[in-house]
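Given chain A, put chain B in place with the hints provided.
There are 2 protein chains.
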Amino acid sequence: MRSIAIGLLGAGNVGCGVVQLLRDNHDAIARRVGASIQIKRVLLRSPGTRRPIDVPAEWKTTDPADILADPEIRVVVEVMGGLEPARQYVLEAIAAGKHVVSANKALLGTFGKELFAAAAQRGVSLHFEASVAGGIPILRSLREGLASDRIEAVSGIVNGTCNFVLDTMTRMGASFDAALAEAQVRGLAEADPALDISGVDAAQKLTLLALVAFGLRVDPQRIPTEGITRITAFDIEAARTLGCVIKSIAAARVDHGRLLARVHPALVPMHNVLGGVHGTYNAVLVESRALGRSLYYGRGAGMMPTGTAVVADLVEVCRAIIGLGDRGTGVDELAAIVDVTPASLDDERHENYVRVTVPNVPGVLGQVANCLGAHGVSIKRVNQDPRGPGLPVEMVVVTESVTDAELRAALAEIDGLPTTLAPVLRLRLLEADPLD
Amino acid sequence: MRSIAIGLLGAGNVGCGVVQLLRDNHDAIARRVGASIQIKRVLLRSPGTRRPIDVPAEWKTTDPADILADPEIRVVVEVMGGLEPARQYVLEAIAAGKHVVSANKALLGTFGKELFAAAAQRGVSLHFEASVAGGIPILRSLREGLASDRIEAVSGIVNGTCNFVLDTMTRMGASFDAALAEAQVRGLAEADPALDISGVDAAQKLTLLALVAFGLRVDPQRIPTEGITRITAFDIEAARTLGCVIKSIAAARVDHGRLLARVHPALVPMHNVLGGVHGTYNAVLVESRALGRSLYYGRGAGMMPTGTAVVADLVEVCRAIIGLGDRGTGVDELAAIVDVTPASLDDERHENYVRVTVPNVPGVLGQVANCLGAHGVSIKRVNQDPRGPGLPVEMVVVTESVTDAELRAALAEIDGLPTTLAPVLRLRLLEADPLD
Numbered sequence: 001m002r003s004i005a006i007g008l009l010g011a012g013n014v015g016c017g018v019v020q021l022l023r024d025n026h027d028a029i030a031r032r033v034g035a036s037i038q039i040k041r042v043l044l045r046s047p048g049t050r051r052p053i054d055v056p057a058e059w060k061t062t063d064p065a066d067i068l069a070d071p072e073i074r075v076v077v078e079v080m081g082g083l084e085p086a087r088q089y090v091l092e093a094i095a096a097g098k099h100v101v102s103a104n105k106a107l108l109g110t111f112g113k114e115l116f117a118a119a120a121q122r123g124v125s126l127h128f129e130a131s132v133a134g135g136i137p138i139l140r141s142l143r144e145g146l147a148s149d150r151i152e153a154v155s156g157i158v159n160g161t162c163n164f165v166l167d168t169m170t171r172m173g174a175s176f177d178a179a180l181a182e183a184q185v186r187g188l189a190e191a192d193p194a195l196d197i198s199g200v201d202a203a204q205k206l207t208l209l210a211l212v213a214f215g216l217r218v219d220p221q222r223i224p225t226e227g228i229t230r231i232t233a234f235d236i237e238a239a240r241t242l243g244c245v246i247k248s249i250a251a252a253r254v255d256h257g258r259l260l261a262r263v264h265p266a267l268v269p270m271h272n273v274l275g276g277v278h279g280t281y282n283a284v285l286v287e288s289r290a291l292g293r294s295l296y297y298g299r300g301a302g303m304m305p306t307g308t309a310v311v312a313d314l315v316e317v318c319r320a321i322i323g324l325g326d327r328g329t330g331v332d333e334l335a336a337i338v339d340v341t342p343a344s345l346d347d348e349r350h351e352n353y354v355r356v357t358v359p360n361v362p363g364v365l366g367q368v369a370n371c372l373g374a375h376g377v378s379i380k381r382v383n384q385d386p387r388g389p390g391l392p393v394e395m396v397v398v399t400e401s402v403t404d405a406e407l408r409a410a411l412a413e414i415d416g417l418p419t420t421l422a423p424v425l426r427l428r429l430l431e432a433d434p435l436d
Numbered sequence: 001m002r003s004i005a006i007g008l009l010g011a012g013n014v015g016c017g018v019v020q021l022l023r024d025n026h027d028a029i030a031r032r033v034g035a036s037i038q039i040k041r042v043l044l045r046s047p048g049t050r051r052p053i054d055v056p057a058e059w060k061t062t063d064p065a066d067i068l069a070d071p072e073i074r075v076v077v078e079v080m081g082g083l084e085p086a087r088q089y090v091l092e093a094i095a096a097g098k099h100v101v102s103a104n105k106a107l108l109g110t111f112g113k114e115l116f117a118a119a120a121q122r123g124v125s126l127h128f129e130a131s132v133a134g135g136i137p138i139l140r141s142l143r144e145g146l147a148s149d150r151i152e153a154v155s156g157i158v159n160g161t162c163n164f165v166l167d168t169m170t171r172m173g174a175s176f177d178a179a180l181a182e183a184q185v186r187g188l189a190e191a192d193p194a195l196d197i198s199g200v201d202a203a204q205k206l207t208l209l210a211l212v213a214f215g216l217r218v219d220p221q222r223i224p225t226e227g228i229t230r231i232t233a234f235d236i237e238a239a240r241t242l243g244c245v246i247k248s249i250a251a252a253r254v255d256h257g258r259l260l261a262r263v264h265p266a267l268v269p270m271h272n273v274l275g276g277v278h279g280t281y282n283a284v285l286v287e288s289r290a291l292g293r294s295l296y297y298g299r300g301a302g303m304m305p306t307g308t309a310v311v312a313d314l315v316e317v318c319r320a321i322i323g324l325g326d327r328g329t330g331v332d333e334l335a336a337i338v339d340v341t342p343a344s345l346d347d348e349r350h351e352n353y354v355r356v357t358v359p360n361v362p363g364v365l366g367q368v369a370n371c372l373g374a375h376g377v378s379i380k381r382v383n384q385d386p387r388g389p390g391l392p393v394e395m396v397v398v399t400e401s402v403t404d405a406e407l408r409a410a411l412a413e414i415d416g417l418p419t420t421l422a423p424v425l426r427l428r429l430l431e432a433d434p435l436d
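The listed protein sequences derive, respectively, from chains A and B. Mapping of the first sequence onto our numbering: residues 1 to 436, in sequence order. Mapping of the second sequence onto our numbering: residues 1 to 436, in sequence order.
Every clue listed holds true.
Simulated restraints, written as ranges between beta carbons of each label pair:
hint, chain 1, residue 1, chain 2, residue 2, range
1, B, ARG289, A, GLN184, 25 to 33 Å
2, A, GLY187, B, GLU431, 25 to 33 Å
3, B, GLN184, A, ARG230, 46 to 54 Å
4, B, ARG230, A, ILE53, 50 to 58 Å
5, B, ASP54, A, GLY243, 44 to 52 Å
6, B, GLN221, A, GLY279, 35 to 43 Å
Taking beta-carbon pairs under 10 Å as the criterion, some of the chain A residues facing chain B (in silico):
hint, residue
7, GLY134
8, GLY135
9, VAL277
10, LEU291
11, TYR297
12, ALA309
13, ALA312
14, ARG319
15, THR329
In short, the hints are calculated from the structure, not lab data. For every residue, glycine included, the Cβ atom is placed at its ideal position computed from N, Cα and C.
Next comes chain A alone, as it looks inside the complex (with noise of 0.2 Å):
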């Protein structure tokens, strides 16, 4: 039997699960691969380390050309993190004519253009499955499940550390606070977590998952972008007593060719599947002409998960190599990717909940009804329960479906009214059941 030798950049979590992978199912794969994957070097910056497995002595090394200039060395395998030089040994890979698999969302999400391009003009595959919800075949399902359909939009929970973070809110009763503490101490969130609860983790993966479901490329520093932080153990509850939970959502979707795209909290319905989605799942909602709505749901990291999901796309390069020779998979689709600007979200429709931080005195609803009402937005419920005399009221108004652009000048007014004592707070509502 053939064999074809990979090298990986990094042996953390993800690299490790990885050598266990090919390890354990070596058989089963090559069987699959119709040739032998044998691991020739392993980039690593301290070789001391503990690691969660052990990585043979002959495999190390700290000098990334062990690697990237070996032509035996025929699949680079990213899983260091990280921007540079993850960014630099990509390029020198795909310039030696090597197939790239990656894990690193950050990297594909901020230079992908550079890399799609280089990877295109050059012929080799650049995958990247693991970067988006770990071991969920959701890249792979939009690829090739529905290659001959048209997919108009994906949406979903995509940061596996937010949701466990609102999930332990919701039922725990625990601060956000408490429940980042929480997600650290089980190591589900960075020593600095900043990444994952601003959503900018989750604009990184929308704007890969675009770039595979639509073939549209989109900066995700240009994505509107909210994070989890203001969300209150209040806000849970008032949720609750909508019939909703909060969730962190992506949604990206293609209307008369633009792309809409956005990162956020939202209330969603307890009878929406998302709602179900607990600790550090993901699930990822895809609607397309021919086949309707479907759903992938599974666990968004760890170790072995996101191993998976970089095999797999090491089972398809390698297949490819057998097959093909040098020229990689899906390097057409890369080489028609089209780079776009999101459009704006004026128009977007939704009901919402509007958190307002008023005292407790006559008259304060009458305002915030005005200021809504000047925008055209109407009124669906309104609550507001003193806490106590003299302490500020938390008012909740869950609005009618009205236009972004409607509410924000509405919300704009009423954080300028001189009775709102900290900013608005804004969640939209997602429908109640996608899938029925």
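Using the frame of chain A, we list chain B on its own:
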């Protein structure tokens, strides 16, 4: 650009979906395949029949040899359904070195052994994504997304007619007969719905899921299979008071090398994601060693959803023709399939819902409880609502977790009691939330 000629056997709903997708998305598909897929011939029983879309006259033929004996035709798409002559045509196509894409679960479930062996021997592809769960790319995800993982269990809702009937009973309070009639009015159930409501259709699909997930082939007739025909509005309501809905579940798993498989209605807690699968939707839950649990959810039937699955297979087969030449994809996996007999379910443990029809007289509960206790079955909860003096009572017993063998022995004894007025109905209870 190269072109690849294909022939369709049949042009019913699914066939017309394939024709429409290949026409509407021709360019995108050609880009992905690296060749233009051209329909050359379509075998029809009655060329004059009205169809959902127009089939050009020059494609139409009533002579199978126009497809099976045409050396230009490289791929045969079998969407005619039924066992014969579909089996014969597929074998002829394989013998002629043509790749085959089929949407026919009855054919593959029943004659899979013969057909897969023939394809493996001849080195051609035999793909059947559309035969299970319509447009959901579940077989592809099992084969490719989880290529490096070991799949331990698959379970879910794979018959849209059963799910529609049970969902309509649940949501409308309809009787079984009324719900089934509604399914027939909507074109969801065949004039003879026996294959669906008996569970036979689900058993055939389970055979194919197990084949791809585990590489094990089991005769669908040997899978313990219960239909939904005994479920009444009373059971639906009793389940609701237990926080459950009733769903028809197909489940298979490998345990110490033994294949366990079953199809039956079960009580599914509302918080279990399968409990929220409505209407004709399908959902398949996969448990694998590295990824853990993942779920695939979407439209399980219909012209366009099923069409997308057929075309996804076609794309894969045609890509392989361009890349690999004559040898098909997945041939080695087909050749490695092992025939097995499903293991006994005697030792499986479940909580259970047991409905016993008894006269409204004192002492009956004691007798029933004695039968259960004699076989080590503990009772968690009992309910009996008298419907009126002199009328029989439906007694509902919820058991603690117990083996199938113990429960069956106890139920046989209850069935033998002079006070038992109708055969006992037993439904398993599923766990609350598999994705938690």
